[in-house]
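S.K.: Could you put together the complete structure from these sequences and hints?
Protein chains in written order, with the working numbering: chain A, 2 to 439; chain B, 2 to 439.
Warning: the hint list may mix true and false statements.
Put simply, identical chains are the same to the list, so a pair is met inside one copy or across any two.
[Said to hold, decoys possible] Restricting the straight-line Cα-Cα distance to at most 30 Å, the calculated cross-link-like pairs of lysine-lysine (BS3-like) are:
{"#": "1", "residue 1": "K360", "residue 2": "K375"}
{"#": "2", "residue 1": "K272", "residue 2": "K309"}
{"#": "3", "residue 1": "K439", "residue 2": "K305"}
{"#": "4", "residue 1": "K426", "residue 2": "K408"}
{"#": "5", "residue 1": "K246", "residue 2": "K400"}
{"#": "6", "residue 1": "K148", "residue 2": "K367"}
{"#": "7", "residue 1": "K148", "residue 2": "K305"}
{"#": "8", "residue 1": "K27", "residue 2": "K142"}
{"#": "9", "residue 1": "K408", "residue 2": "K433"}
{"#": "10", "residue 1": "K309", "residue 2": "K109"}
{"#": "11", "residue 1": "K426", "residue 2": "K416"}
{"#": "12", "residue 1": "K416", "residue 2": "K367"}
{"#": "13", "residue 1": "K400", "residue 2": "K416"}
{"#": "14", "residue 1": "K360", "residue 2": "K416"}
{"#": "15", "residue 1": "K83", "residue 2": "K55"}
{"#": "16", "residue 1": "K400", "residue 2": "K427"}
{"#": "17", "residue 1": "K347", "residue 2": "K416"}
{"#": "18", "residue 1": "K432", "residue 2": "K305"}
Hints were generated in silico from the structure; no laboratory data involved.
2 protein chains.
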Amino acid sequence: MHRALKQGCTERKNSKAKICYYCAMKKNAFYAQSGGVTSVINATACGVIEGARKNRQHINTVFAGQNGILGALQENLIDTRKESPRTIAGLRYLPGGAFGSCRYRLQKETEYQRLAAVFDAHHIGYFFYNGGGDSQDTTHKVAQYFKKVGFPITCIGIPKTIDNDLPLTDNCPGFGSVAKYVATSVREAGLDVESMYVSSTKVFILEVMGRHSGWIAASAGLAAEQPGDPPHIILFPEIPFDKAKVFQHISDTVGQYGYCVIVASEGLRDKSGTFLTDSANKDAFGHVQLGGVAPILSQYIQKKLGYKCHWAVADYLQRSARHIASRTDVEQAYAMGEYAVQMALKGQHGQMPIIRRIKGTNYRWKIDAVPIGKVANVERTLPKSYITRNGTGITASAKTYLAPLIKGEDFPPFKNGLPHYVRLKKVTVAKKLPAWDK
Amino acid sequence: MHRALKQGCTERKNSKAKICYYCAMKKNAFYAQSGGVTSVINATACGVIEGARKNRQHINTVFAGQNGILGALQENLIDTRKESPRTIAGLRYLPGGAFGSCRYRLQKETEYQRLAAVFDAHHIGYFFYNGGGDSQDTTHKVAQYFKKVGFPITCIGIPKTIDNDLPLTDNCPGFGSVAKYVATSVREAGLDVESMYVSSTKVFILEVMGRHSGWIAASAGLAAEQPGDPPHIILFPEIPFDKAKVFQHISDTVGQYGYCVIVASEGLRDKSGTFLTDSANKDAFGHVQLGGVAPILSQYIQKKLGYKCHWAVADYLQRSARHIASRTDVEQAYAMGEYAVQMALKGQHGQMPIIRRIKGTNYRWKIDAVPIGKVANVERTLPKSYITRNGTGITASAKTYLAPLIKGEDFPPFKNGLPHYVRLKKVTVAKKLPAWDK
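M.R.: The following block contains the structure:
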């Protein structure tokens, strides 16, 4: 084992770069993706890696964790030096998690010790963890642990979540692109239903993600420009589902416009707080839950109101639809990665970059930093002022907030009619430690 | 009532234009959209209207049926003269059916008489009917009726269907764009699953349209470029669903690649020919059908194989996704409309334009015409040679056929981050007849 951990490796004095006191090498960086991926998380990876490459005098290379933090525990470190500048630039367009993500929560002291051993063995002096609320909780704990044991590393959290539910930041990278996908889809499917309702489908339901907060559902509201435009009804997880009231609303909408387009959050609950998907078992219709709010609602509506109903469940399509990503979102995702490198070089241990909206009529933003401790485990739900009084629409202030986040297009390159996404070599570095025995 | 019907209005001699013998007016054209809409059916409308405008010396104006053939029966005729050239040009980008479509089958003699009365009253000498198999059956019957009674009109069918199931034509306008949407979505969602499977979802199912033919499901196969690329399993309506075999295949795929992406046609049937969605009621798990193959499969897989499973149902999103339309498809849709006008002016009564693929290494196509009688009620299913021997993939010849149909992008204009689609005024002309009493 490298001696740093045992003997307290510190940076060499009189040098901006973190250079190992013992082996005189520039330190490496570790970057990992965590939690559900987004269509722009790799843009952040691109920002981190290109940012590090611009700072070669300080950072030797970036090792990416194969499958998130598991890559660190299992010593599966992807050497990004093996990827060409062109491939790294292509990360900007690649959806999914290029290096593999994971859902994994560190729980044991031995796991932290293992991280230290791996980071020590591979001269890692910078830790970048790219994820949502749970993941930033991990970053926070890792940062605290390393500080406690005096391990010479700078830990930076980088936000990412389609749910837009992190506090302090104006918005989260990943959200704008889902919002753009959902609003686009609702506008397009709405035109389809509008043209058919006289003799066919009268109600269309699009189920979107957001189990605890209605940010994604709310974004569908951007599709409507004029009164009567779809979506006519948005069902938020924040608003308890009142069957009778919603049925009346659907019936009124069909009466007024001839058809009704509904956007339903997967996290829809009844008044008792039970998820609609869970309560379906006990429903009077005797339905068994098949995991979707949309089919359940559709069944209700067809039986109760007699309207021909169609439904779609966007599921992973919404969070991987890089082909319709928001340019604003892509730019912010990239900038967060690049900025995180700057933060690391400045030694902003235990912090996370956030986006601040600059006051003014035109949308402008800048990046700031906050302690991760203030972010971890805090969930920002949709403000009440963003939901209309009837509980099924978004207000003007919601539109003002949401609109800039979906602005601009950033189409990926296309080849043979399909988005052409780079493939990484994902070469892992030679292991230096015994296998992790958990 | 205009006297044509009673007295046998014919074209004035020595004139290329159809000019009413009695009122000395150039004849109008009637255009209607029928059946399920596509993201490019309005490109065809654009071709018809712009084509007619280029032939003002022959065609007075195009009246569009409000909600398809119902517009003719109810004398709801949208005067396309009221729409600016810019709006008409914008039809090229607008998904859905701009004038309203319908699912309506003419059945009574009185309906045909009513059509004649309306067309006579509005000096309509050209009939364009834009739809799929059922709709072309209507065009065929209308053409036969008018010929029989000697009504002076030229009837042209214009193909449109996402199902790609019309005979004689190499492909159907509308299909290429769905194919592009499905292949793009599978590629993108596949990258999502690939990055998460180690600690999360292992199986992802995308349900696509195509109740009787697997053209759309097959198009997902275009997403795979290298061995192991998603989709790993395509479930065609043409191949009876063999649960044990499919489970084994899924299990093998997860064993080999770590995850499995499945594309399932909504029209999946078991060996007895029963739709999976219908048979679910009788399933050993006691599931009640909620209208989707994907959730049913997901439930099976999770219970039998224990894999975490996610599923998406694209539904109307796939056929309205103009933002990811195929340029080839858009160009063909437009060309069909324009060509139909030429056919009408040449008097090709009872015919329909089709697309012929020109032999050669590079994809080239031309338009030809066939009698609608040969098209109506004939359904072209996926050739067996397009399905791999194991029944869950597409062959090289399928790829050769499909690949050019999704080529090229034709992004709509964007405004405020969303596709900006034109809005029509849809001004109907003054009625001249008593209300239709059915």
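S.K.: Run every hint past the structure and note whether it holds.
M.R.: So, going through the hints one by one against the coordinates:
1. Taking the shortest Cα distances, K360 and K375 sit within 30 Å of each other inside one copy (23 Å), while across copies they are farther apart (66 Å).
2. For the identical chains of this complex, K272 and K309 are neighbours both inside a copy (27 Å) and across copies (29 Å), given an alpha-carbon limit of 30 Å.
3. For the identical chains of this complex, K439 and K305 are inter-copy neighbours only, at 29 Å across copies versus 54 Å inside a copy, given an alpha-carbon limit of 30 Å.
4. Taking identical chains as interchangeable, the C-alpha atoms of K426 and K408 lie at most 30 Å apart only when they sit on different chains, with a minimum of 28 Å there against 33 Å within one chain.
5. In this homomeric assembly, K246 and K400 come within 30 Å of each other (Cα to Cα) only inside a single copy, at 25 Å, whereas the closest approach across copies is 50 Å.
6. For a Cα distance limit of 30 Å, the shortest separation of K148 from K367 inside one copy, 29 Å, qualifies, whereas the shortest one across copies, 71 Å, does not.
7. In this assembly of identical chains, K148 and K305 lie within 30 Å of each other by CA distance neither inside one copy nor across copies; the values are 60 Å within and 47 Å between.
8. Taking the closest pair of Cα atoms, K27 and K142 come within 30 Å of each other only inside a single copy of the chain (25 Å); across copies the shortest separation is 81 Å, beyond that limit.
9. Taking the shortest Cα distances, K408 and K433 never come within 30 Å of each other, neither inside one copy (47 Å) nor across copies (48 Å).
10. Proximity of K309 and K109 under a CA criterion of 30 Å is satisfied inter-copy only: 25 Å between copies versus 53 Å inside one chain copy.
11. When the C-alpha separation of K426 and K416 is checked against a cutoff of 30 Å, the pair qualifies only within one copy, where the shortest distance is 20 Å, while the shortest distance between copies is 38 Å.
12. In this assembly of identical chains, the alpha carbons of K416 and K367 lie at most 30 Å apart only when taken from different copies (24 Å versus 35 Å within one copy).
13. In this assembly of identical chains, the alpha carbons of K400 and K416 lie at most 30 Å apart only when taken from different copies (15 Å versus 35 Å within one copy).
14. Within a single copy, K360 and K416 get their C-alpha atoms only as close as 41 Å, which misses the 30 Å cut-off; across copies the closest is 23 Å, which meets it.
15. Taking the shortest Cα distances, K83 and K55 sit within 30 Å of each other inside one copy (16 Å), while across copies they are farther apart (59 Å).
16. Proximity of K400 and K427 under a CA criterion of 30 Å is satisfied inter-copy only: 29 Å between copies versus 41 Å inside one chain copy.
17. In the homo-oligomer, the alpha carbons of K347 and K416 never lie at most 30 Å apart, since the shortest distance is 41 Å inside one protomer and 40 Å across protomers.
18. Taking identical chains as interchangeable, the C-alpha atoms of K432 and K305 are never at most 30 Å apart, the minima being 62 Å within one chain and 37 Å between chains.
Hints 7, 9, 17 and 18 from the earlier list are contradicted by this structure; the remaining hints agree with it.
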